[in-house]
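Asker: Residues per chain, in single letters:
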Amino acid sequence: MSDSLKNGLKLAAYLAWIAAAGIAMVRDIHRISELYKSIQRTQAMTDELAVDSQGIVDSAHLIRGGTRDVQFLQGLVSLLPQNKSFARTQRAMSDEVEALRYKVGRRVKNDLQVLVDTRANKIYVKKGLTLLWDADCSVGKGGILADKVTGRRWEFVTPRGQFDVREKIESPVWTKPDWAFVEEHKPVPPPEDPSRHVAGELGAYVFNLGDGYLIHGTPDESVLGHPVSHGCVRLSAVDLKRLYETVPKWTRVYIY
Amino acid sequence: MEKGGFLETLTGRAHPAAVVLVGAGILAALYTLPRWLDRMVSEEQRFQQELSRAIDQTAAARERVTSMQALKSADLERLKAGISGHALSQKSLFESGLSLQEERRLLEKQLEIITTTLFINPALQRIFLMRAEQPLQSYLLSYIPLRSFGGAPVILPPTVRIISKERFAYPERGKSEQVNGTLQYTPPQVGTSVRSNALGEFVVFTNSALILHGPPLNEEDHARFPHICLGLDREAARKLYRGSFIGTKISLSNVVIEKVEPIPALTTGTTTKP
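Residue numbers (numbering that gives the first Met the number 0), protein chains in the order written: chain U, 0 to 255; chain D, 0 to 273.
Please note that the accuracy of each hint is not assured.
Claimed, not checked - Below 16 Å or equal to it, Euclidean Cα-Cα: the simulated EDC-like pairs (lysine to aspartate or glutamate) are:
| no. | chain 1 | residue 1 | chain 2 | residue 2 |
| --- | --- | --- | --- | --- |
| 1 | D | K174 | U | D68 |
| 2 | D | K71 | U | D68 |
| 3 | U | K240 | U | D68 |
| 4 | U | K125 | D | D37 |
| 5 | U | K102 | D | E132 |
| 6 | U | K140 | U | D192 |
| 7 | U | K125 | D | E107 |
| 8 | U | K36 | D | E132 |
| 9 | U | K126 | D | E102 |
| 10 | U | K102 | D | E102 |
| 11 | D | K248 | D | E111 |
| 12 | U | K125 | D | E132 |
| 13 | D | K174 | U | D192 |
| 14 | D | K108 | U | D116 |
| 15 | U | K121 | D | E102 |
Read the hints as simulated data drawn from the structure, not as lab findings.
This is chain D alone, in the form it adopts within the complex (with noise of 0.2 Å):
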């Protein structure tokens, strides 16, 4: 009776032709509307292939990449253990040869001052400059025989020694004296100096008489200052002087020393050196 009631209400306040209109319109958007969802579904299941495709391809670039990274990783760590051993085993080397060299340094320099000595030749009127049995450079003497000058002995031993050097000849000390209660003191002066005038520079002193240096600076001063000389030219002084070291032996065969007239010396003083 309600049915037929709501019925008769639709019915009755809606034309007939409508609501059949109505009716219809819906029965054939609801018949359609799965026309319209397959078309959506097959489109969406087009979209999942291409997406599978990709998914299949990434999935297969990411297994490349992922084996690269950890071949990569596994060169790394290689590299990074190797490295150091390699940085290490280098270091060795290197410091070896390092060590290695500045032995050799030490023994050559060493073997060099121990084997090196001078030799006065007079047959050949020339002092050598050996390193053991070899002989390296030779200079000429002037004085063959050697000369002795300012009143020194006319003899020496067969061997002498090389006892120190100066680049210039030093003056005597100069002298300090007592005026009036106060020190004074003039320092010695190269130009009035016997020793400095008579043995110029590059002065190699022995253990004896025998000195060897360059020209004099003063004729009369070189006659007058006692030693044995052998009149060595500058350039000879200057080698000799930077070849022989300090205990250097000197040796001397045959050798014959004149004297030369003294002329009235003068005192020698002691110096020092820096």
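So here's chain U without its partners, still in its complex pose (with noise of 0.2 Å):
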């Protein structure tokens, strides 16, 4: 065989061997591309699934706070009073209200007066049957005081009943009683002793009511709501001075 034979069958050879390794490569390159493009197809559907699954933890976390809130919300509802039977006796007590302003509106007609509760430490003052204003007082105390000297005692409590404002008088001077000088461990000293006069402890206005029993005013208006007295009733600054502006002399004053 001849050199140029031999040449001519290795380069027919060389050349089919690249005809088949350029077929084999076109389909490898082919069947590479749809798995790239499958690889990222599955990429985007993970992304996707992801998507989802942050979406149904994110709102499985809002219907959690939603549920919090709801169960709270009812919470503050139950808290309030769900008798439903409450209107009803509301209305029999409106009832009882309305017979009761009858019998009484037919004995005060349409006088002002002034209302003391010495259970609830308040003050009201009306017109007829209706309420002017009210506000915090403090009446007596209660309980007893023994002076061991001379054999007295003394209930500190605001006598209940009727009354009527005998007189008003402006920036009163305070004579102090003998249980107060008791009550300090004090000797007592005569009647006109001039210790006995005290500027300012009864504030700027003071009403009498008789039997040695006032409305005035003092100078710890925290204690008011609270029964502090000997007996008098005392009023904050204002409301004393709004008193001295509405009440005039000879008001009838219920205290019970």
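Assembling the complex is the task here: the two chains are given apart, and the hints tell you how they should meet.
Answerer: Shown next, in the form of structure tokens:
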């Protein structure tokens, strides 16, 4: 065989190999491309799944939060009175109050009145049956003070009943009674002694209800609403002024 | 010429059998690779199918959860909107109830003060604590006819009114005198006071000579103190003291008063209240 024939055969073999390899490579590249696309699709689907899952987690979190809020609000609702018969009772009470208004209204007419609730430590000013205003006050603290020296005893209660405003006094001076000295464990001075006269203790105004009982002010307004006095009715400076401006002499005062 | 040169160089350096072997190997690899790639692709597709199912389920679940979230949010909004109105209505109902109770207490107490009276009935030898026309309690009187002590008048108007009360009868005022230019004061002493000894405790004064009181501390001082007496025991005096008010009227019908011979009287003094 000649060299040129050998070379020709070799070349043909090479060309045939190259052709076969080229065909195979084209097919491989096509499949690799398909695999790559598939992987990309898988990645996209995985991302989609992750987004959905995260969405579910977020929604579940919000639902749990909402459930807690609902429970909290329902708990608040249960704090409020839910007794449905309450409204009926209230209507019945309203009828009773109406009957009482009629009975009392016949007696008090349209007169101005001051009422003092010694249990609640409140004062009311009414004209007829209409409440004009109310305020905290302080009444007798109760209890008994005994003076071992003289054997005297005093009960510090505000007497209940009907009184009249007998006097209205501006800038009053308090004449300390004997019990004030006994309470302070001091010797009781003569009635005319200057040490009995204390200015400013009763506030700017005094209403004399008679029998030694007064409506007056107090230097310590923090105790209003509690029974701390020795029998008089104490008011704040503002309410005392308002009472002084509202209530004329001989106004009826009910203390209960 | 160059290609021939290259082939010459390639084949010239390697053994022809090795060249054939390598060439065959490369071709075999190139033709085997698609099967492996096909298997990979089909595995990938199976995985994608599973993913697709999972995505469908997840999407459905997400849809459900989202709708639940929307429902829950709507519930919450409705509850929030309703609770304020509910709370306001309950609050106003509650407050109007309290206000009614306060007014009822006020009116009841005022009516109680206005309608409470005492009624002395000599025929029954009792004093009645009355609310309007209704007797609440009655207590026995020791003195029928009533007794006038200490030179007090033997006449009473048909109606008298309570003007003052003393839990413990105050003694007369003490005496103050000037000694060597200094004012000296002896405070009132209970043991030596006719007034406190005569009236004892639970004392109710009227705008007349009639005084309601418990047992006296000293009978002689009691007989000496000018007043008209019912002769109440301690319990009756206590209940009348607690049950009556300043301003309460005392009605007396057909009351006869017996004068008790006076013992030389002592002076009475004024008192101060707390």
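Asker: All hints are to be evaluated individually against the structure, with a verdict given for each.
Answerer: Going down the list of hints, with the structure as the test:
1. K174/D x D68/U: 77 Å, violated
2. K71/D x D68/U: 10 Å, holds
3. K240/U x D68/U: Given that 16 Å is the threshold and the Cα spacing comes to 50 Å, the pair is violated.
4. K125/U x D37/D: 101 Å, violated
5. K102/U x E132/D: OK: K102/U and E132/D at ~14 Å, within 16 Å.
6. K140/U x D192/U: 28 Å, violated
7. K125/U x E107/D: Judged against 16 Å, a Cα distance of about 15 Å means the pair holds.
8. K36/U x E132/D: Cα-Cα ~107 Å, so violated.
9. K126/U x E102/D: 14 Å, holds
10. K102/U x E102/D: 13 Å, holds
11. K248/D x E111/D: 13 Å, holds
12. K125/U x E132/D: Status violated; Cα separation ~27 Å.
13. K174/D x D192/U: Holds, at about 13 Å.
14. K108/D x D116/U: 9 Å, holds
15. K121/U x E102/D: Distance of about 12 Å is within 16 Å: holds.
In this structure, the earlier hints numbered 1, 3, 4, 6, 8 and 12 are contradicted, and the remaining ones agree with it.
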